[in-house]
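What follows is the residue order along each chain.
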Amino acid sequence: MSERKFSVWKGTPEGGKLHDYSIEVDKGMVVLDVVHEIQKLHDSNLAARWNCKAGKCGSCSVEINGKPKLGCMTRLNEYGEDETITIRPIKTFPIIKDLVTDVSWNYEQNKKIAPFKPRERDADGNHRFMQRDVDRVQEFRKCIECYLCQNVCHVLRDHEKKNKFVGPRFMLRLASLEMHPLDTENRIEDIKKEYGSGMCNITRCCTDVCPEHIQITDNAIIPLKERVVDEYYDPFMKLYNKIFKKSKLRIYIIKSYLVTLR
Amino acid sequence: MLDVKEIQTIEHDVLVVGAGGAGIRAAIECAKQGMNTGMISKSLLGKAHTVMAEGGMAAALGNVDSRDNWKIHFRDTMRGGKFLNQWRMAELHAKEAPDRVRELEDMGAVFDRTEDGLINQRNFGGHRYPRLAHVGDRTGLEMIRTLQDFCIHQGIAIHMECIALDVLKNNGKVSGLVAYWRETGRFVIFKAKAIIFATGGAGRAWSVTSNSWEYTGDGLAMAYRAGAELMDLEFTQFHPTGMIWPPSVKGILVTEGVRGEGGILLNNKNERFMFNYIPEKFASETADTIEEADRWLDGDKEARRPPELLTRDVVAKAIMNEVKEGRGSKNGGAYLDIASRQSAEHIKKKLPSMYHQFKELAEVDITADPMEVGPTLHYFMGGIKVDHETQSTNVPGLYACGECAAGLHGANRLGGNSLSDLLVFGKLSGDYASKYCQKNRLESTSEQEIENIIRNATDILNKEEGKNPFLIHENLQKIMNNHVGIVREEKELIEGIEKIETLKVDIQEVKAHPASQYNPGWNAAIDLSNIIIASEAVAKSALIREESRGGHTRLDYPDETKNGLEYNVIIKKGTDGKMETRKEMRSTPPEHLSKIAFSSLEELEENNE
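Sequence order for the protein chains is A and B. Convert by adding 1473 to the 1-based position in the first sequence; the result is the number in the working numbering. Convert by adding 859 to the 1-based position in the second sequence; the result is the number in the working numbering.
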């Protein structure tokens, strides 16, 4: 056991400041353990979210020494022994209290996305598809909704363009639907117009902070941008769009065309 | 003065309390039946403990081994539960699980596939055949996200970070529930014809647990206070493999999938000790040599299953015994080795979250070195007593499903039977609660009752001085670990119950910071009033069952008794306000089911229909 210094932001939507604590720490402790120690012994009113404490639920997102991280997966020995560890709430969403922010905007974005629409089952009642199709979307489905990617996205964080772009988390969700082996819905038009795929300028900050190591930019956002480009700016597709407007056949042809492209 | 008329009021036909797998599935069913449905959750949507389920969802699809069918799943569940399960619930579960899995696929879940493109199934403890539909080792996350993304389009009113305080009743029937919003600390009255509890267990009563902060037995305690009966609470599942090092991660789950993928348990002499702990009942179906167990791993269908895949109660007790006899691992557990059994690539593919969990939290590379594991309190087999057909409690209008309901798992739950339980009984409770709503009208709520509930909660904030809720909770965890742990005896239990009594006095004196907005101290204090009831119920049930069976082990009564199979332990709040315990005789099992449960495997395989 040894003592370490911590600095934790406390406040309300009106404002707040850092509070210093000196905490006894044990081997293997993570930042979330420190938050619990503070609640238990120093300040029972320190607001923080957590659930699984195993990196699987994405509740305890905070900014630790300026870096967006999960409190439960950040070990104290990542930092120098004399270094003060500073814990702040994630910046992009409005403060509720202390380390808790209002992330309801994210739930609203999810609801805007056209839901999954499965194809018919085979005659024997099964769906059949290959493991390689599974592997591609499962990378996206690993997402634990910690919203760290939303937190660092420049479009949302610095430019406040929440009305123009759904953010990396929901581009990822869109990718998981668009590449879902059973889905029959077409969201390409919405990806461009409603969800703002053009807003992302591929700085890969979201990918850098993803605790699940999902290649958000390369495997989800860029392919979606390509699909949009294919549909809107490809002369071949433009012609088809004119001929077939918004028929099911058109969607089928676009999908098969995209498969051959990839 | 408190003016009840000023408090926010929301009206629903059905209110679902809890938004894990069972709660969401129940809410979906209610909405489907045209009910005005509300769902409240302690946390944000999608964060419930269901995300921690790793291994998979048991359903006899027969995709990997066509010999499997519902009867064998039923038989495995009964044998795993030491025949104390509710027979009809085990039947419904085994029969309906395949449809619930397919339905989840149609909601968008992407399961791992077989080479033929069907849903793949993996081996798990106590399941005769590969039966668990899975997604790597994060099946629970897949399930909750699928349900979450589906339910937001079903017209369900989802009330997040809303904490239930107590049920309201009129004429003996459910009439609503009082809750408060974490964000503002303000109260809210839900008026509802029916309430479905899907609130999970009370694992937070122990210090070594895989459960999150939410698991404080809220549903058990609210149902108890409302007059509902609880059952089988002595059966608490200690999962054999929790992390044990470093101290701050002690208790975090290591999926049984590691053993399903071929992982073996070793003691400090490098012996595969599980061969020494094969119970007689399972001897004929378990490999008795390393050679045979290895052939099973290589896919030889004639070989019997390795003893590492015996039921959880057996494996947990074996590890405890190795430690007791001085053969434990460095930090007091056992070694779980997958590195020498599968390629690094296979491990990372099939057990990705385990790989990361150990790498990041314990600095162990599981593709190179063994993990250190030990038992961790994981699951409540017991809970609110429900009708085996309809999931209704003895309080009209109150239903329960998922972990907070008792019956399906008997004395011990098989891994993989929880996720399927959530879906099967989530759906059924939604179905029957909706039927109840169609026949009953909204009862009125009593202002006096509401006022009392609110006063109990606000008293904690208004005290000048008082006790620290976090420290009291820690005390409770120590008591449960020491007196109502994995191995129990009369003297310890009696002492534990006395200590719980003393703690009740402390809880009366608990105080929180006066700010009601997002106040963790206040939440912790309110949780205490629930978890103490769940703890007392477990300890008292454990005392009255004088035998060892499944998740309940008594040092002073080390064997299963014939008599033990004849009753369930029931807990009820007495008219004097004290907890009453009684043994309720079990009815004779339905003949067709008892025949299946005691059949040989060969008979059931031939009879595949």
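To be clear, the hints were calculated from the coordinates, so they are not data collected in a lab. Please note that a few of the clues may not be correct.
To be verified - If the Cβ cut is set under 7 Å, some of the chain A residues that face chain B in the computed set are: (1) G1489; (2) I1496; (3) R1605.
Unchecked claim - In silico lysine-lysine, DSS-like type, Cα no more than 30 Å apart, as pairs: (4) B:K1050 to B:K1337; (5) A:K1513 to B:K1326; (6) B:K1370 to A:K1478; (7) A:K1513 to B:K1298; (8) B:K1294 to A:K1590; (9) A:K1490 to B:K1326.
Think of the CB as a built atom: it goes at the ideal place given N, C-alpha and C, for glycine as much as any other residue.
Here is how each hint holds up against the structure:
For G1489 of chain A, the suggested interface contact is broken, since its CB lies about 13 Å from the closest CB of chain B, more than 7 Å. Taken as an interface hint, I1496 of chain A does not check out: its beta carbon lies about 13 Å from the nearest beta carbon of chain B, beyond 7 Å. Residue-level restraint check for R1605 of chain A is violated (minimum Cβ-Cβ distance to chain B is 9 Å; threshold 7 Å). For a cut-off of 30 Å, the pair hint linking K1050 of chain B to K1337 of chain B is broken: about 39 Å separates their Cα positions.
This hinted pair checks out: K1513 of chain A and K1326 of chain B have alpha carbons roughly 12 Å apart, not beyond 30 Å. With a CA separation close to 28 Å, the supplied pair K1370 of chain B and K1478 of chain A stays within the 30 Å bound. The straight-line distance between the Cα atoms of K1513 of chain A and K1298 of chain B is roughly 48 Å, outside the 30 Å bound, and the hint therefore fails. Note on K1294 of chain B and K1590 of chain A: the hinted pairing holds, with a Cα-Cα distance of about 29 Å set against a maximum of 30 Å.
Restraint check: the Cα-Cα separation between K1490 of chain A and K1326 of chain B comes to about 28 Å, which is no more than 30 Å; the hinted pair holds.
In summary, the numbered hints that this structure violates are 1, 2, 3, 4 and 7.
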